[in-house]
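Colleague: Residue numbers (my numbering), protein chains in the order written: chain A, 594 to 974; chain B, 594 to 974; chain C, 594 to 974; chain D, 594 to 974.
These are calculated hints, taken from the structure and not from any lab test. Do not take every clue at face value.
Stated by the list, open to error - Here are some, though not all, of the chain A residues that point toward chain C, as calculated from beta-carbon distances under 10 Å:
1. L665
2. T669
3. T672
4. T758
5. K759
6. Y761
7. T762
8. T965
Said to hold, decoys possible - Okay, the calculated beta carbon distance ranges per label pair:
9. B:S768 x D:G880: 49 to 57 Å
10. C:H628 x D:K916: 28 to 36 Å
11. B:D666 x A:K692: 23 to 31 Å
12. B:N771 x A:E878: 47 to 55 Å
13. B:D682 x A:F861: 42 to 50 Å
Idealized CB from N, CA, C, for every residue including glycine.
There are 4 protein chains.
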Amino acid sequence: MPGNSFGQIFRLTTFGESHGVGIGGVLDGCPAGLHLDLEAVQVELDRRRPGSTSLGTTRNESDKVEFLSGILDGVTLGTPIAFLLRNTDARSKDYEALKDIFRPGHADMTWEEKYGLRDHRGGGRSSARETAARVVGGAIARQLLATHGIRVNGYVQQVGATSTTKPYTALELDSVWNNAVRTADPAAVGPMTALIEAVRAEGDSIGGVISCVVRDVPLGLGEPVFDRLEADLAKAMLSINATKGFEIGDGFAAAAARGSEHNDTYTFGTRKLNTPQSGAQVRVEEGAIRTTTNHGGGTLGGISNGEDIWFRVAFKPPATIAKAQRTVDRSGNPVVLEAQGRHDPCVVPRAVPIVEAMTCLVLADHLLRDRTVRAHISAPQ
Amino acid sequence: MPGNSFGQIFRLTTFGESHGVGIGGVLDGCPAGLHLDLEAVQVELDRRRPGSTSLGTTRNESDKVEFLSGILDGVTLGTPIAFLLRNTDARSKDYEALKDIFRPGHADMTWEEKYGLRDHRGGGRSSARETAARVVGGAIARQLLATHGIRVNGYVQQVGATSTTKPYTALELDSVWNNAVRTADPAAVGPMTALIEAVRAEGDSIGGVISCVVRDVPLGLGEPVFDRLEADLAKAMLSINATKGFEIGDGFAAAAARGSEHNDTYTFGTRKLNTPQSGAQVRVEEGAIRTTTNHGGGTLGGISNGEDIWFRVAFKPPATIAKAQRTVDRSGNPVVLEAQGRHDPCVVPRAVPIVEAMTCLVLADHLLRDRTVRAHISAPQ
Amino acid sequence: MPGNSFGQIFRLTTFGESHGVGIGGVLDGCPAGLHLDLEAVQVELDRRRPGSTSLGTTRNESDKVEFLSGILDGVTLGTPIAFLLRNTDARSKDYEALKDIFRPGHADMTWEEKYGLRDHRGGGRSSARETAARVVGGAIARQLLATHGIRVNGYVQQVGATSTTKPYTALELDSVWNNAVRTADPAAVGPMTALIEAVRAEGDSIGGVISCVVRDVPLGLGEPVFDRLEADLAKAMLSINATKGFEIGDGFAAAAARGSEHNDTYTFGTRKLNTPQSGAQVRVEEGAIRTTTNHGGGTLGGISNGEDIWFRVAFKPPATIAKAQRTVDRSGNPVVLEAQGRHDPCVVPRAVPIVEAMTCLVLADHLLRDRTVRAHISAPQ
Amino acid sequence: MPGNSFGQIFRLTTFGESHGVGIGGVLDGCPAGLHLDLEAVQVELDRRRPGSTSLGTTRNESDKVEFLSGILDGVTLGTPIAFLLRNTDARSKDYEALKDIFRPGHADMTWEEKYGLRDHRGGGRSSARETAARVVGGAIARQLLATHGIRVNGYVQQVGATSTTKPYTALELDSVWNNAVRTADPAAVGPMTALIEAVRAEGDSIGGVISCVVRDVPLGLGEPVFDRLEADLAKAMLSINATKGFEIGDGFAAAAARGSEHNDTYTFGTRKLNTPQSGAQVRVEEGAIRTTTNHGGGTLGGISNGEDIWFRVAFKPPATIAKAQRTVDRSGNPVVLEAQGRHDPCVVPRAVPIVEAMTCLVLADHLLRDRTVRAHISAPQ
């Protein structure tokens with residue numbers, strides 16, 4: 594059974610192989626009447642694009658998105674939005690030698706065993722190139738979220754053992770596009786950059802952690818008991834190539850805490866209320882129920898509680914390294930492999946837009962799902 | 594849009610409130626012709642049951658499951674399997690005082706805001722009592738998995754700051770039911786038990802971590818790109834009450850590693866092959882592609898690679914504590930809350946069967962999904 | 594893959610075998626805050642109940658529905674609504690002789706071939722008894738529809754070759770419960786009743802046609818291109834036991850018509866507008882776009898156009914007859930079969946509530962789906 | 594909630610507007626390892642293509658399909674198969690005059706009311722041009738079915754009041770592509786052709802009926818209780834533009850029949866068994882349970898019984914006619930409309946490939962779904 598669609602109502606289906614005709618997707622369920630800034634979609638794609646950061650692969654794809662349907666004069670029609678990014682810089686011959694070899698840490702072996710065959714060129718569909726389609730879908734989702742004032746920001750929090758320990762509230766989240774490593778802490782730019790360059794020089798690779806923050810999210814998103822908001826976020830993150838872990842709020846640290854420390858107690862306060870369809874127009878609600886702390890990370894019982902949502906995603910080091918590795922070929926003969934192709938020494942800088950995109954897809958879907966749970970329709974929050 | 598179903602083909606829908614008529618579920622998509630051991634289902638329920646461990650709540654539910662459909666003479670019919678556990682020891686009056694108070698760390702506030710009303714008695718449907726239905730579904734899933742020889746074992750790895758650092762391969766995984774804390778490390782039983790009892794005496798609560806291991810899993814489970822096996826496991830775990838994090842294989846530690854350390858290189862070796870429908874009859878396949886290490890945790894590219902699957906799940910401390918906590922009532926008046934009701938000081942001992950159940954549900958679903966991805970049907974692995 | 598759920602958002606899953614513990618269902622996605630009249634649900638069940646009409650089977654089931662979850666003080670919680678009807682008058686021994694015989698026109702053979710086994714007692718899950726669960730779900734759907742003023746009425750239009758040719762607009766649709774044959778045409782009651790009784794006396798059975806009309810339905814229900822309103826209605830009707838055909842509006846007669854006859858031309862007129870949540874409060878909208886005729890049956894391009902929806906459903910004669918029939922047993926030996934058990938000579942009188950229920954389920958689902966298709970939320974129509 | 598996908602496992606999502614960039618789709622869940630004849634896909638498209646029959650529209654689209662993913666060297670990879678047909682002969686200016694007028698019988702009004710806006714050019718997504726994508730998906734489905742020996746054939750049975758009354762068993766089903774009216778009865782070609790041409794000359798349009806037959810279908814397809822095979826076929830057919838009715842086997846005629854006439858009694862006989870993956874290699878099974886008649890149309894209890902599946906689909910006359918029609922504009926002013934654009938006087942000749950395509954999609958989906966319903970996997974039938 595196919596697994597290439599994400600979301601229940603706001604639903605993205607992606608297609609394409611790394612060295613095939615192109616990568617694309619169909620976004621079904623995007624509501625009608627949304628005014629799209631198509632330039633902004635391209636900007637997000639450019640942030641993920643191979644060649645977008647000096648710390649990434651040298652493969653150079655222009656990644657210009659062509660919209661095929663669903664939009665008329667910049668406005669969504671309520672019909673499926675299909676789009677295509679043609680592959681232009683595929684060098685399939687780099688992969689000829691890999692036809693009969695299973696690369697350690699890559700999906701070659703499992704895909705071939707599962708399907709009985711595989712597209713070996715550039716990893717086929719298991720390539721991270723597929724995530725370009727997610728970025729397009731996520732960029733449209735972000736524009737729907739923006740009409741409710743919701744903001745989504747990711748940043749690199751850790752590269753190898755180098756991390757920033759500042760809380761997100763102390764960081765300029767929008768500053769990440771100003772540095773190649775995509776961190777929000779100016780003090781971390783230097784050390785992280787140096788580490789990635791050192792690792793590249795060694796012919797090795799390195800892992801990292803991305804933090805993501807959602808601000809001004811309305812109360813009420815998430816569908817218990819299985820489609821809890823954090824459950825869908827966890828799935829979204831673990832569906833990204835090379836991810837190994839997800840934690841929300843205090844996460845694994847909560848396991849060591851006591852209830853009297855961890856519970857976010859309530860108080861009465863103010864809440865910024867974003868009038869839908871007019872992000873600029875912000876009201877302040879008095880007498881809102883707020884938490885005094887946010888150990889939980891913005892959800893309670895699987896439902897957003899109106900506080901910031903914050904979570905972290907762990908990425909393993911990229912599997913492709915220039916260093917020699919022992920492996921076997923299809924017939925079991927020992928082989929020593931040295932990487933061909935063009936690859937990233939560290940995936941997290943280019944993965945920030947992907948984490949953001951998947952977050953936007955989850956939230957847009959739940960925003961629409963939430964419209965159906967009350968018998969009486971009222972104005973959106 | 595509803596969120597009370599889990600799985601695509603092997604699909605469990607649960608229902609019920611903590612203090613309503615009962616808790617139950619409908620398991621649709623369980624294949625026909627499976628000989629069920631219904632006693633074994635009850636054994637799994639008993640392990641989760643309130644009152645099952647001396648370290649848990651004093652609520653005492655017999656949790657006897659009544660099957661309503663789908664089974665004839667102990668064999669599944671291929672029709673929906675419905676079941677019901679009636680609530681017998683609900684003390685709803687304990688909760689009268691909580692009608693107008695939002696308890697910190699509980700889902701009271703978010704559920705009421707989302708739906709416009711809530712069942713305040715015992716937490717209604719946000720109570721962990723709902724997970725009893727998951728255990729029933731998971732127990733049936735486990736019996737389907739067993740016909741393929743697949744084994745699923747969870748154990749408490751950490752309570753507060755007390756943990757066992759032994760790898761799962763050094764533990765007797767089946768021994769967890771011999772101790773109240775549900776750990777697989779005999780040396781950890783004492784310290785973990787003492788910690789939980791101390792916390793209970795203080796009127797506080799404590800978090801923990803559960804590890805889960807799947808052995809003898811066939812190659813090929815998982816449906817990229819979104820329904821990767823680890824993505825569905827992550828969602829399954831984060832759908833359990835009180836969970837805050839998920840990591841597979843080296844997880845967050847992989848973020849600090851280099852590719853040359855983390856990559857699981859290939860070798861040729863032997864693999865135990867379980868003949869479906871006859872777990873006892875084990876063959877050994879020569880010349881199988883195996884990994885020399887298992888940093889990845891048993892999946893590659895979102896698909897099981899035939900090695901053990903191992904992952905960890907973080908649980909926060911239970912929200913209900915006897916210690917006084919400041920909160921507000923519905924009108925914003927400050928209130929000091931001391932817990933009513935009967936609760937667990939630490940959730941992980943009773944959550945082991947739930948983690949196992951959700952794991953079994955994910956695997957059973959993917960086992961069936963995998964049957965549909967090749968044009969030519971061959972014998973199962 | 595399971596097929597026991599219906600609807601995308603307002604989603605009913607049914608379970609149960611004819612001679613098992615009982616029949617029931619789980620309705621997930623019913624919005625919170627709907628005030629339910631549970632007596633009215635029982636009234637609808639009673640109309641389908643075996644024994645409800647003098648023209649049906651003599652099996653006598655009280656069909657008292659027990660609600661297990663999702664409702665507190667008569668108001669929906671937004672959580673799954675589970676319910677159970679216990680079987681009380683099952684006479685399984687009537688079916689012992691049928692264990693090895695495949696009855697003509699029954700699902701015995703196909704179910705056994707598909708699943709490898711079957712519950713032979715009373716037809717197991719292929720029995721029309723399953724539709725009792727649909728009536729419960731439909732009755733709740735109807736109450737959601739009623740808050741929008743929508744009315745759903747079915748009636749028997751044809752029994753064998755005896756039919757009423759009066760258009761539905763000339764009939765008293767609510768009068769069907771006053772006669773055993775469930776027709777809305779007083780002149781047809783006599784002939785239809787006489788025909789069914791004659792057929793019963795012969796030990797034979799007879800087919801029929803049910804018409805269904807939906808009035809005061811809002812514009813805009815239906816989700817092209819595949820989930821067109823008439824497509825989902827067609828599926829709903831053909832999912833009912835013994836149905837052989839569906840047509841909407843002029844239906845098959847439209848095949849013989851010309852465009853200049855069939856097109857429903859537009860005019861400006863008035864439209865009754867039902868204020869949601871207050872059916873009594875009816876406004877009249879001036880200047881609405883109306884059609885001058887209604888050959889189309891109330892949908893256009895897969896979307897309701899605000900005119901009455903009207904369609905017809907064909908039922909075959911019940912397969913079980915007392916007359917001797919030649920068939921074969923499991924081993925291929927010729928057998929002469931004379932019916933055991935208690936059965937209906939004509940299914941349409943008792944099928945009226947089922948047709949209505951499935952119609953209500955389709956409309957409730959589309960009412961909720963329609964809430965998600967526009968970027969800007971406005972008051973419902 | 595979106596409605597642009599069809600099928601559960603073998604799942605087609607279509608996109609595109611009539612006068613936009615193009616029409617296309619993504620087929621997810623097509624199993625891996627299927628050797629595709631891409632020329633045959635184009636042949637099926639050519640049969641539906643505007644300009645393909647002298648009796649249709651004069652719009653001339655080459656309808657050359659470009660495959661974007663999921664196929665390597667003519668073999669399916671098990672990944673999504675995306676495809677695109679660019680629009681080349683769109684004359685959007687023909688539609689400028691229709692921007693503010695709602696055409697009778699067209700989806701203009703309902704789409705605009707539902708979504709708040711519409712693409713008025715060529716009917717946008719409500720145009721039958723969308724069905725080109727279904728034909729591509731159906732052509733691939735047909736090739737999967739062919740590996741099981743299943744054959745699907747449609748033909749025009751009725752145009753206006755002119756019909757062929759010969760049973761399908763007396764017709765050469767493969768002969769339909771030899772005549773422009775797409776009937777299988779040589780005697781009907783002349784009268785049907787003459788009628789369509791006469792109607793066109795009058796500036797009018799005419800309806801019709803398509804019959805469809807599935808031969809050599811295995812026992813066991815269909816998933817009760819809701820996803821019965823005939824229910825999914827009915828939905829598939831009513832999802833096609835301009836359809837008004839569906840009936841299977843005796844259909845509406847069964848309503849007038851008695852059980853003793855309608856029941857298909859059993860006998861023992863032979864059955865042609867197609868070895869999967871080798872259509873040429875046909876075995877004959879002795880001692881199969883067969884029916885002596887086929888009033889039911891090939892399904893029983895929602896499951897295929899191994900006999901031929903046969904059903905009929907009613908189409909209304911096309912809404913666009915050259916004859917003057919009274920209607921209103923957006924402001925309610927009376928308008929007299931005479932058709933602009935290029936259209937078909939009768940839709941059934943070009944709809945035969947669409948009916949076949951939707952049938953193939955339903956069967957392919959159910960073929961894969963059936964693989965998951967038994968605990969023990971056996972060779973396919």
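Colleague: All hints, please: hold or fail.
Modeller: Structure-based check of all given hints:
With a cut of 10 Å, the hint placing A:L665 at the interface with chain C is violated, because the nearest CB-to-CB distance is about 14 Å. Hint on A:T669 holds. Least Cβ distance to chain C is approximately 7 Å, under the 10 Å limit. Using the Cβ-Cβ criterion of 10 Å, the hint placing A:T672 at the interface with chain C is satisfied: the shortest such distance is roughly 8 Å. For the restraint placing A:T758 at the interface with chain C, the shortest Cβ-Cβ distance is roughly 40 Å, beyond the 10 Å limit, so the hint is violated.
Violation of the interface hint for A:K759 is found here, the shortest Cβ-Cβ separation to chain C being roughly 37 Å, above the 10 Å cut-off. Given hint, A:Y761 at the interface with chain C, is violated; its Cβ is 29 Å from that chain's nearest Cβ, farther than 10 Å. Interface hint status for A:T762: violated, as the beta-carbon distance to the closest one in chain C is roughly 31 Å, over 10 Å. With a cut of 10 Å, the hint placing A:T965 at the interface with chain C holds, because the nearest CB-to-CB distance is about 4 Å.
The hinted range of 49 to 57 Å is satisfied by B:S768 and D:G880, whose Cβ atoms lie roughly 54 Å apart. For the pair C:H628 and D:K916, the beta carbons lie near 52 Å from each other, so the given range of 28 to 36 Å is not met. A hinted range of 23 to 31 Å is violated for the C-beta pair B:D666 and A:K692, which are about 53 Å apart. A hinted range of 47 to 55 Å holds for the C-beta pair B:N771 and A:E878, which are about 54 Å apart.
Between B:D682 and A:F861 the beta carbon distance is about 36 Å. The supplied range of 42 to 50 Å is therefore violated.
The earlier numbered hints that this structure contradicts are 1, 4, 5, 6, 7, 10, 11 and 13.
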